[in-house]
Structures are given as C-alpha cells and as structure tokens.
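A.B. asks: Place chains A, Z, G and S on chain P using the hints.
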Amino acid sequence: MDLSTLLGIAAAFGLMLMAILQGGPLSIFINIPSLLIVVGGTIGVTFIHYPFGDVLGAINVAKKTVLYKETSINDMIAQLMEFANKARKEGILALQGAMNDVSDEFLVKAMQMAVDGQEPETLRSMLSTEIEYIQQRHEKGATIFLSIAIYAPAMGMVGTLIGLVQMLQTMDDPAAIGPAMAVALLTTFYGAVIANIVFNPMAGKLKTRSQSEVLLKTLIIEGMQSILSGENPRIMEQKLHAFIAPKLRQSTFK
Amino acid sequence: MDLSTLLGIAAAFGLMLMAILQGGPLSIFINIPSLLIVVGGTIGVTFIHYPFGDVLGAINVAKKTVLYKETSINDMIAQLMEFANKARKEGILALQGAMNDVSDEFLVKAMQMAVDGQEPETLRSMLSTEIEYIQQRHEKGATIFLSIAIYAPAMGMVGTLIGLVQMLQTMDDPAAIGPAMAVALLTTFYGAVIANIVFNPMAGKLKTRSQSEVLLKTLIIEGMQSILSGENPRIMEQKLHAFIAPKLRQSTFK
Amino acid sequence: MDLSTLLGIAAAFGLMLMAILQGGPLSIFINIPSLLIVVGGTIGVTFIHYPFGDVLGAINVAKKTVLYKETSINDMIAQLMEFANKARKEGILALQGAMNDVSDEFLVKAMQMAVDGQEPETLRSMLSTEIEYIQQRHEKGATIFLSIAIYAPAMGMVGTLIGLVQMLQTMDDPAAIGPAMAVALLTTFYGAVIANIVFNPMAGKLKTRSQSEVLLKTLIIEGMQSILSGENPRIMEQKLHAFIAPKLRQSTFK
Amino acid sequence: MDLSTLLGIAAAFGLMLMAILQGGPLSIFINIPSLLIVVGGTIGVTFIHYPFGDVLGAINVAKKTVLYKETSINDMIAQLMEFANKARKEGILALQGAMNDVSDEFLVKAMQMAVDGQEPETLRSMLSTEIEYIQQRHEKGATIFLSIAIYAPAMGMVGTLIGLVQMLQTMDDPAAIGPAMAVALLTTFYGAVIANIVFNPMAGKLKTRSQSEVLLKTLIIEGMQSILSGENPRIMEQKLHAFIAPKLRQSTFK
Amino acid sequence: MDLSTLLGIAAAFGLMLMAILQGGPLSIFINIPSLLIVVGGTIGVTFIHYPFGDVLGAINVAKKTVLYKETSINDMIAQLMEFANKARKEGILALQGAMNDVSDEFLVKAMQMAVDGQEPETLRSMLSTEIEYIQQRHEKGATIFLSIAIYAPAMGMVGTLIGLVQMLQTMDDPAAIGPAMAVALLTTFYGAVIANIVFNPMAGKLKTRSQSEVLLKTLIIEGMQSILSGENPRIMEQKLHAFIAPKLRQSTFK
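Top to bottom, those sequences are chains P, A, Z, G and S. All the letters of the first sequence, read from the start, carry residue numbers 76 to 329 under the working numbering. All the letters of the second sequence, read from the start, carry residue numbers 76 to 329 under the working numbering. All the letters of the third sequence, read from the start, carry residue numbers 76 to 329 under the working numbering. All the letters of the fourth sequence, read from the start, carry residue numbers 76 to 329 under the working numbering. All the letters of the fifth sequence, read from the start, carry residue numbers 76 to 329 under the working numbering.
Same shape as in the complex, but just chain P:
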C-alpha cells in the first residue's frame, strides 16, 4: 500500500483519538443513529448523483491508485534511450523482441504500433486520444470522491438541524439541553471527519497519481515518436529531459 497514505491516515486518526480520549471517554463520540444518517445518507445521495457503475469504478480506481507502484521517470527515459539505440542499430523491427521484457502496457502498445509500421503522427494522435480518455476516467474517480467530501458535511448539517429542532421543541429539562446539543453536533463532526480526513485528501492523491501516470505516458509518446522519426538520440534525450527537473537529469552521454 502507498506508504504516505497509510501513515497519514494513522497520524490524523491517531491524533484525533488522542485528543478525544484526553478529554473524556470515546463513547460520547459514538452514536449509531447519527452515524447512520451521515454515512448512510451520504451513500444514498452519492447514488442519486452517480450511476452504480461509476461508483464501483471509482472504488477500483482508488484501490489501484493506492496500491500502484510508480515507475521512475528516469528509468523510463533510460529504457526509451535504449530502444532508440537498438532501433538505430538493428532497425525498428528489433523492438518486437524487446517487447516481452516490458511490463508497462501503454509502452507495449506504443511499441506494437511502431513495429506495425504506423506513421509517427498517427501514433501520436491515437495514443494522445487514449491518454485523454484515461484522464477522463481518472478524473471521474477523483470527482466522485470530491462529491462525497461535499455531501458528507451537508448530511452532517441536516442531522444537526434535526437534532436542534427536536431539542428546541422539548426544552423542559435544562439539564438535558447540553447532552442533546452534543448529540446534535455529532453529525456535523462525522461529516467534517469524513470529508476532511478521508475523501478530500484521497481525491487529491487520485489526482496526483493520475498526473504522474499521464506524465509518464506523454513521455512514452514523445520518445516513441522520436524513435519512429529516427531522431538524433542526443536531441531525443534533451526532449525527454525537459519533462523532469534539471538536477534529476542523468545523461546517458558522457
């Protein structure tokens, strides 16, 4: 699992638990009907907003993204430079053999298109369309998480309003006012936690991962197009290096 997500969740929830326990028992923060209206209500509203398929897709995207082992951009540049040299020496068809050792599906597809004899421009245009729709699918996942981060506090407010109205209508016993209001505030609390500690930052991680993936795929298109056009390897390396910070650039030319 993605380490920073794991540690972040542990830290945020741990510190919150500590703050709670330091001031009293945990039990006063647990109220099943309040949880039901916030969690259940948010799930309900999410299904009004999105079709089933999209919600399941978002869960999948999230799972894959968190488990995802990122490919180093430098490794990818090195691999593309190797293919460029191979193609220069042995011809473009030599990439056929190299494809078996490649795990990145997108790179395999690009190489297959190169071996099939596609024009550089066709390769760029078809793979760019593919990236565009990958981005759309990723964005849909992040958007669903963001929607949940909006609906959860809204359901929390609805719950608090229900609690307040009931408390105000039955204010006979002054001693009961405090605890009743405490319970009414719990739904707001649940909504804030769900939104700010879980779904907002998770939506952010989905977006960050999507950006890395798109950057890597754009690099692959750029590189394969250079290879197909038979561009000078030094120029090609300079082009690929533009994608990364200067101090990360490791030239294969000495």
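FYI, nobody ran anything at the bench for these hints, they're computed from the structure. It is possible that some hints are incorrect.
Copies of the same chain look alike in the list, so a pair counts if it works inside one copy or between any two.
As the list claims (entries may be wrong) - 30 Å max Cα-Cα, derived DSS-like pairs, lysine-lysine:
1) K138 <-> K184
2) K161 <-> K314
3) K144 <-> K161
4) K144 <-> K164
5) K322 <-> K215
6) K282 <-> K138
7) K138 <-> K314
8) K144 <-> K184
9) K322 <-> K138
10) K215 <-> K139
11) K161 <-> K282
12) K161 <-> K215
13) K139 <-> K164
14) K184 <-> K139
15) K164 <-> K184
16) K282 <-> K164
17) K314 <-> K282
C.D. replies: Frame of chain P; chains A, Z, G and S shown alone:
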C-alpha cells in the same frame, strides 16, 4: 427508472425519516407556512432567473435522463465494426438497408449522411456542431437544477431570519423561545434537504448522463468517419478502443 | 414585460409577505436606517466598483432584456431558407428588396454585407467580431448585477455587526436585548432578500437572454454564409437544424 | 479623480457613519489595538504574499487608474479614420507629421511602426504582445487588491478569536461579557469594512479600467493594420464599429 | 532571505502577539493537545493527499524561492542585446566563449543550443516544453501550500467540535463552561493562523516568484530566437521591451 437514483432517494429519505422518528414525532418537522416560503419562494426565484420554456425543458431533460436506457459502448463499437465490414464488402450504400434496424437517432443521421455521399470532413463537422448544441441544452438543464440547489438554502435562510426577527421582538414568554426558534430553523432545514438530497445530486446525474451520451455520439462520429474514409478495420477498432478502459476492450479480431 | 420574471417576483415577494404577516405585523421588518445602510451602502460600493456609464448601461441592458420579445429560432430558420431560395432563383441582389421587411438589425446588416458583395469569410469574421463585443457588453451588465448580489449581503453583515457592537456595549436592560438584536438582524435580512430574490436571479435572466440572442445571431451568420457560398439548401437546412433540438426541427422539404 | 469612486466612497462611509451615530457614540467603534491587528496584520500578510515591488506597483496602478482620463472610443475611431484618409491621399509617411498631435503613447508607437515600414502582420503581433503584458501588469494590481480583501476579514477573524478566548477565560464579571464581546467583534467589523467597502470594489474598478484600456488599444491595432493594408475606409469603419454598441456608432460617411 | 517575506511574518506575528499580551497572559493561547491535533492532523492529512516526494519537493521549492535572488529583467535584456551584437559581428559561434560568464542555467542551455546549430523553431519548441514543465513543478509546490491552508482550518474545526461535544456532555459546573469553550476555540484559532498568516501568503509568494521566473525564461527564448534568426537588433529590442512597462524601458540605441 434509473435504479441508482431510486435507491439513493429511498435510502437518503428513509434514513432521515428514521433519525427524525427516533427522536420525536414527525409532526414537529412539518410546518406549512415554512414549506410555502421555501418551496414556493424557490420556484418564484427560479422563474425570475429562467424563462418558462427553459424550466419546462429542464424537467423534460431530467425525466428523459432518469428514464434513459444507456447503450453499452461495447455494443456500439461492435455495431460500427459490423457496418465497417459491410461497407467494405458491399459498398457504402449497403448501409441504407442496415439503417432500419438501428434505434439510435444520431447513428441513423450519421448513416444517412454517409449514404448521401457527404465528405468525411463535412460529416464530422456537421455532427460535431450537433453534439455541441446537444451539450448546451443538457448543460442548461443541469444548470437550472444547480440554481435551485443554491436558491433553496437562500430562501431557507430568509425564512429563518424572518422567524428570528419575530421571535426576538416578542420575547415575553421564555417558554415560547425554544419552539419559536425550532420553527424558524425549519426553513433552513427544508432548504438544506431540497438542495443536498434532491437538486444537487440530480444535477450531478444529469451531467453524468450527458457525458455518457456525448461520449457515445463522439464514438459514432469517429466510427462513421473511419467507414467513410475506408480505413483499415483493425486501425478503426484501435481508434474506437481508445474511448474505453483497456480491460473492457473486446476485439472482433482473434 | 417578460412574464416569468413578473410572476416569479410576485410569487417570491408574495410568499415572503405572507410568512411575515402570519407571524406578526409587517412594521417590525421595516427600519429606515437599516434600509439606508444596506441599499445606500450597496449603491455606494457599486459606484466605487463600476464607472457611472457602466451602471447606467447595465440598467438599460436589464430593461431591454426584460422587455425583449424573443424571436423564434424556427421562424428565423424559415426566413433564412426563404432568402436562400430567393438568392438561388433571382441572384444575391434580390435580397436588397427583401431587407425592408426584416426587423432584426443584425440580419439587415448581414444582408447588406451580402448584397455589397463581401466574401463569405469576411462576412463571417466581421459579424463574429460584432457578436463577441455584444457578448462582452451583455456580460458586463450581468456582472454588475452579480456584484450587487455580493455587496448587498456584505453591507447587511456590516450593518448587523454595527448593531451587535452597540447592543453588546449597552446591555443594561435585558428586555431590550431581544428587540435590539432583531433590528441588528434586519440588515442581514435586507441583504439576503436583495441578493437572492432580486439581483442574483435577474443576473441569471440577463445571461439566459444573452445566450438566446447570441445563438440567434450565430444562426444568422451560419445561414448568410451558406447563402453567399451558394450552398445546397438541404445541406444548409441540416446545418441550421443542428442548432435546435431534434423534435423542434421542421423541414421545409417534404 | 474618478468621480464615481469618490462619490461611492463618500456615500458608503457616510451612510455607515450615520448608522453608527444614530445608535450611540462613534467612540465605541474605535479601538486602537483592534485596528492595529487588522490593518497592520493585513499589511504584514500582504508582504509575505507579494514582493515589495509588486505592492508598490499596485499602488501606482491604482493611483493612475483612478486619476485616468478615459479616451472616448468614438473619438479614437474618428482619429483613426482621419489618419486612414490622410494615408490614402498623401501616403503612409504623412502620418509622421500627424504624430506630434497625438497624446496616446500606444497610438504613437503604432504610427511610428507604420512609418518605419513594418509589415501589417508584424505590427499586429508586436503590439498584441505588448497588450498581453500590459494586461498581466494590470491584473497583478487588481489581484493584490483582491488578496487584501481576503486577508483583512481573515485577520479580523483571528482578532475576534483572540478576544473571545480571552473573554471566555475570564468570565468572572457577567457585566463585562457584553463589552468584551463588542470589542472582540470590532476586528471582524474592521475586516468586513476594509474588504467590502474599500478593496473589493477598488479591485473591480482596476479591472474595469484595464478592460477599457485594452479595448482602446485593440481598436488602435485593428485600425493601424487596416491603414497599413490600404483597406477601403468604409470596410475599416465597419470593422471598428463592431467594437461599440450600434447606437453609439457615428459614421463619417453620409 | 527574501526581505518582504521576513518583514511580513515579523509584522503579522508581532502585532498578533501584542494584541494577545495586551489582553492577558500568552499562556492561555498555548495548549499542547490542541496544537497536536491541528499541526499533526494537518501534516497527516497532507500525506494522505500528496506522496512523500511531492511534499519534500514543495519544501525545497519554497526554500529556493524565498532565498532566490531575482535577476533584473532589464539586465537580462541588456545581456541579450550584447549577445545579439556579438553574434552579428563575430558569428553565432562567438557565443561559445561568452557562455562562461553566464550564471543563468536556462540561458546557458539556450546558448548551447544556438551554438550547436539548432533551428530557431526547434529551440523555441524545446525550451517552451521545458518552461511548461518548470511551471507544472512550481504549481505543484504552491498547490501543496494551498492545500495545507485548507486542511489546517478544517482540522481546527474538527478540534473545536471535539471540545464542544465534550463540554456539552459535562456541563455540571457552570464556571468551567467558559474556559472549556476557550480551549475548544483554540484549535480554530490555530487553524486560522496557520492558514492565513503562513501558508496562504507563502503559496502566493511561490506563485509570484514562479511568474517572474517564467517571464524571464520566456524573454530568453524570445531573445535567443531573434539572435538565431539574425533579426535586426532594433526590432529585437522592441520585441523584448514589450515584456516590461514603458517607463522601465532603457534603449541601448540613442
């Protein structure tokens, strides 16, 4: 009816009702003048904002969208590939006969244009304009729903302010303060429910459906243009597959 | 006057008045100094933000837009098709005679340019520039209304803060606290009403009208360019139909 | 000075002062430490956000913009038409003599480029770049004003929180609670006034002025390019008229 | 260190401290568990949102940006003009020798490409891609700071809700209510300070610096392309001057 919308509404309202009933009678949440000012006021403000025709159009768009049976993208790809093969073997005019079995009006129009001998570029440009204005009409529907989701809480706040001012001006009987404030809060509650459980998520569903429909129509343009240009079916399939996630792609070539 | 605006304002204010009267006398909602600070302050701030000319322009745009009698898009398509037939049969100069019966100034200008022998591309480019600046002027009007809808609640909050500070500084008589706070809340109430029931929805109507007008003018450009290029009337009709929903399309060809 | 700004500020502050004085002495709204934390804190935060040079630049832009005497677009069109006629009759070099009577620096530069024999396309591209960077500098000024309008209420809230915490920690004397809270609210009041009555609307005026200036400069480019290309004066006038509302257009041709 | 940042932080924190000390001891504003939940929780949530590498990168970008010594645009224009004259007199290869005295890495790279004999268009396209990705990396840094400025107040609200619920559940001793609420408000206070006095303005400074850097690099591309194309130095200077305000322009031609 769209299942996830139905279940989502049932779940959200059911859980809210449960939370209400668990704390007291439902009757304290029903107040006709409060309902009138929020619901009626929101309708009034919506008609200041939008012409009659647009509001009726939005209701229509919403109805159709919720009842809409989505066409599978994979089925559409399969159908387009079949037409491509037919056109290659029997000529583009063979599509004339195939049009009777097609239910999608947009596809029928595209096929008619192909049979009429339009240039691939004209077909793309005219159908793209059509998609653009379809999107505009869909967007208008979703925008009206979003506006209602903004006006309802605003009217709720206006109602609560009216209630608060009246309560504060007549604070003779301390026992009456609680219930008066409870009633004042009801308009805020109605506004929050209307916005967050009905119109915000419904606007979201309209947008999601619009995106699926536009994706399908873009696929149709892409496919028909390939057919008209007499493109290699394998290339055409690769192009169409770029629209969907890799694991959903089913090649017709083995 | 635009009917939906009129009815919407009547409904929203009527329901608000009803809610007020049902709970007490109207007089407790009328406070001249509060009105002065919200209305006068908002006007003042609007003149800091916009030059005199722009504010007057916005009032004009609003007046014209609300009084504006919308041209049916279908009527415009029919008229353009008629001109197309006339031009095909009698030559483009025949439009000179037809110009007298046309009330739309933009259409008259487009026809004059056609009769003057402008190239189709020049006609499109000059009229497109014109649409662009019409849009800019409309947008400025709507933007001023939106600014007022932001400043009014802000001035309301300033007024409420003034009232609260004064009330808190002189809390000798507990019986006076309620009414003093009621008066302090009035400015917030005025701000909310001005923003949500008047200027936000009016800004919306300005935008909607502007969109209809731009759509109509874009249609005129599209049609006149087709006529000038001597395009096939069936193709021209198909092009113009792309602007409207399929079920509204009425072909002149049987 | 720009009249509407002056009158707007006078009206907004006058009405606010009236509302304050009508309810009690002005002195309860003046608290030096509160003023210091809001005004000083906002200045401090603004310098964290922007380099010294940018803040000084913004003050300059604001000063010039408010003092700025707007050139009428119609006058500019008349002047450009005059130059067009001169250039047609006496040749483009005749503009050399006319430059001495021109006060607009941008127009002088455009004329100099025309006299120097630049190509129409070079003139447009170089002057468009210039407009782009003028816009960037104007925008920076407006953005700084908007930032201040965001930071001032934030510092107001920080001040109020400080006051509230101190008041809540020392609630021995109930009679002191009201005045203490009144003082705590003052920072919120200052923040709201600074943001809503000064910096938000001033940022708006900067933007409006910038738009007028850019419109005028775009008109100059359009006109000089027409002159350089030796375009028909009637066509040129029609092009320039597209920039303004139909009823403001005054043709020089009868 | 960047002076305005330093002075701004000193002023904002100094004034806040003054306001605090003037009303009571500093100690009532220091509460370790409250600090832990806001600071620690914000750090945790930031790591859920961003991968470790990105957060470290943001710290680096921030450090460099604050320490960064800005190059004067005028100096850069002068240097580019000097190179242009050198290249005109001694040929483009003469820039090889001049490269040793240049400290700006981006300018060195541009000169190397010119000396290597790249086409003007290739130079522009490759260096533009480089600027684009530099902007992306800068933006990521600013975005992380902005996220922290959103999460800190959110964690502050979560902390305040925890404190309120605990206080309301145990309202036996009325004297304890005030201090308990004061402590509950502290997390909101911490969140507001972290967001508004530290991370929001720092994100702003990162953006401002990034814009200056991009402007300088764009100027370098523009200049080197002029040099490579052997453009007239006067024209080149005019082009470069478009980047800065008229009154800052110092011509090298008298």
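A.B. asks: Please go over all the hints and tell whether each is borne out by the structure.
C.D. replies: Hint-by-hint comparison with the structure:
no. : hint          : in the structure
1   : K138 <-> K184 : within (24 Å within a copy, 41 Å between copies)
2   : K161 <-> K314 : both (19 Å within a copy, 28 Å between copies)
3   : K144 <-> K161 : within (27 Å within a copy, 44 Å between copies)
4   : K144 <-> K164 : neither (32 Å within a copy, 47 Å between copies)
5   : K322 <-> K215 : between (34 Å within a copy, 17 Å between copies)
6   : K282 <-> K138 : both (13 Å within a copy, 25 Å between copies)
7   : K138 <-> K314 : between (33 Å within a copy, 28 Å between copies)
8   : K144 <-> K184 : within (20 Å within a copy, 34 Å between copies)
9   : K322 <-> K138 : between (32 Å within a copy, 16 Å between copies)
10  : K215 <-> K139 : both (14 Å within a copy, 23 Å between copies)
11  : K161 <-> K282 : neither (35 Å within a copy, 43 Å between copies)
12  : K161 <-> K215 : neither (39 Å within a copy, 36 Å between copies)
13  : K139 <-> K164 : neither (38 Å within a copy, 43 Å between copies)
14  : K184 <-> K139 : within (20 Å within a copy, 39 Å between copies)
15  : K164 <-> K184 : both (22 Å within a copy, 29 Å between copies)
16  : K282 <-> K164 : neither (40 Å within a copy, 46 Å between copies)
17  : K314 <-> K282 : both (25 Å within a copy, 26 Å between copies)
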